[in-house]
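Peer 1: Following the hints, complete the assembly by docking chain Z onto the known chain G.
Those sequence lines, one after another, are chains G and Z.
Mapping to full-length UniProt numbering: the first sequence position 212 is 212, numbers consecutive.
Mapping to full-length UniProt numbering: the second sequence position 70 is 70, numbers consecutive.
The hints are simulated quantities; they were obtained by calculation from the structure and are not laboratory data.
Note that the structure is predicted; figures quoted are calculated from it, not measured.
Treat the hints loosely; a few may be bogus.
Which copy is meant is left open, so a pair is good if it fits within one copy or across any two.
To be verified - Here are the computed lysine to any residue pairs in the SDA-like style, where the Cα-Cα straight-line distance is at most 20 angstroms:
{"no.": "1", "residue 1": "132", "residue 2": "95"}
{"no.": "2", "residue 1": "171", "residue 2": "226"}
{"no.": "3", "residue 1": "139", "residue 2": "99"}
{"no.": "4", "residue 1": "241", "residue 2": "120"}
{"no.": "5", "residue 1": "171", "residue 2": "59"}
{"no.": "6", "residue 1": "257", "residue 2": "187"}
{"no.": "7", "residue 1": "144", "residue 2": "158"}
{"no.": "8", "residue 1": "171", "residue 2": "138"}
{"no.": "9", "residue 1": "46", "residue 2": "220"}
{"no.": "10", "residue 1": "144", "residue 2": "62"}
Protein chains: 2
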Amino acid sequence: MLDVYHAEPGANTLKVLLALKEKGVDFNSHYVALNKFEQHEEWFKKINPNGQVPVIVHDGKVINESTVINEYVDAVFEGPALRPADEYGKAMMRIWTKWVDEYFCPALSYLAWNWMIKSLVKDLTPEEFEAKLQKIPLKEQQDKWRITATEGYPEERLKEWRRQVETSVTKIDSALREHGKDWILGDQFTLADISVFAMAHPMPMGYQDIMNEEDTPHLMAWYNRMMERDGTNAALTMPNKMREEVKLDDRVDVLSKQGKE
Amino acid sequence: MLDVYHAEPGANTLKVLLALKEKGVDFNSHYVALNKFEQHEEWFKKINPNGQVPVIVHDGKVINESTVINEYVDAVFEGPALRPADEYGKAMMRIWTKWVDEYFCPALSYLAWNWMIKSLVKDLTPEEFEAKLQKIPLKEQQDKWRITATEGYPEERLKEWRRQVETSVTKIDSALREHGKDWILGDQFTLADISVFAMAHPMPMGYQDIMNEEDTPHLMAWYNRMMERDGTNAALTMPNKMREEVKLDDRVDVLSKQGKE
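Next comes chain G alone, as it looks inside the complex:
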């Protein structure tokens, strides 16, 4: 029995959905509405005390952290292997997924939060917002909500995160160019592709000026290969209730402006 608690396909949720769909694993989907702050409700914090999606419950055992979930999913379920068989290959894959978690994801995530949270909380009174904040278990997450819902991050930090996004895009494009193969590690499609794509997926929408056919042709070709996979299609067509319920205005315009000179 596999239960998956997740939001709409995007970011860390998309990472886990991609692995499950690529392996062809059956699971019970439990949608957690981030725009309704369900991840901070008591019932959910009993499953993941950090108050974050995704989290899986497999035969009664709870696992959080999307990167770790994917390694576990690959190890225990049938389906195509998503990790290299040799230990050196595994290490190279781990360096990519670790880099996504520690560098690429935080940079993108801070920029996205800075743009998104105002929209999510705009209908709340200050008292209602404060009540929501009090339910967030991690102090760092509380701070992120408070800052992004009010004044936002300072321009200097937005600029540095944008620079990190640019550096990341160049790094991926160069790696693909240098080995000239289809996937991040070379011939085998792995969790490294899944980790990178889970973050890069919305980029052609908000970062056309740094990720495009001219400047990063190898990255774009890889992106198009990813979009053609059955696993990617199955993951991306999971319900996206936030897109239906919340009007997130002017995404492209805001993302393309913040953090720029």
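Peer 2: Relative to the frame of chain G, chain Z by itself:
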């Protein structure tokens, strides 16, 4: 043939030395003098373009990132297993080592850098310092050197990192108390103990007010068990040339003051 490029036993270098010594793996030790900025020299950047230790070269294959190195070392060399045999246990171990990399280590590391770098660069002229900076390959590392060598981080950020260190110490103590076993994951000594200890090792020196017998008895008992291991002793008695050559004054005093109200 295993070559290990490392600094004195501490932080991420200690993490890898502990795993190697626990497994009883023979290796060629290559000491990289951080106080002489050797990690930014061209010969070293040919091995690790990031200009960071530790890095290993095994049968011609280069692996960086201490956490990944340890998983590789455990997988390919003889000696006691440092990871749980079952996949759920592996996932729980990975969540601990990931948390050390993303939370505990950065908080400790920023505080230590803020105190240490001034001592390291105090004999350089501004021109000499700038020349050293230009050799650092990662922009983030350049920024860290520049800030800590001059005005240091703002008090507000030091305070937040100190709070994260306190939160970390409480989290480890609670985990040990709750399961009542000897090691981080329970009965088996694993890479989770190694990752946590590599960071916690200097804490009884600089953070006695938050890590002590009274407030964190389970953490202190675990720390003492760690200190009694042959692997720990073998790693900690590796050459510590920085301690011999650089006088890092008033460590306890500085660390116990910074980031406090």
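Peer 1: Evaluate each hint against the coordinates.
Peer 2: Against the structure, the hints come out as follows:
1. 132 <-> 95: This pair counts as neither: shortest intra-copy Cα distance 36 angstroms, inter-copy 27 angstroms.
2. 171 <-> 226: within (18 angstroms within a copy, 39 angstroms between copies)
3. 139 <-> 99: between (24 angstroms within a copy, 15 angstroms between copies)
4. 241 <-> 120: within (13 angstroms within a copy, 54 angstroms between copies)
5. 171 <-> 59: Neither: 39 angstroms inside a chain and 26 angstroms across chains, both beyond 20 angstroms.
6. 257 <-> 187: neither (37 angstroms within a copy, 53 angstroms between copies)
7. 144 <-> 158: both (13 angstroms within a copy, 17 angstroms between copies)
8. 171 <-> 138: between (32 angstroms within a copy, 12 angstroms between copies)
9. 46 <-> 220: Result: close neither inside a copy nor across copies, 41 angstroms intra and 29 angstroms inter.
10. 144 <-> 62: Neither: 26 angstroms inside a copy, 37 angstroms across copies.
Checked against the numbered hints above, the structure breaks hints 1, 5, 6, 9 and 10 and satisfies the rest.
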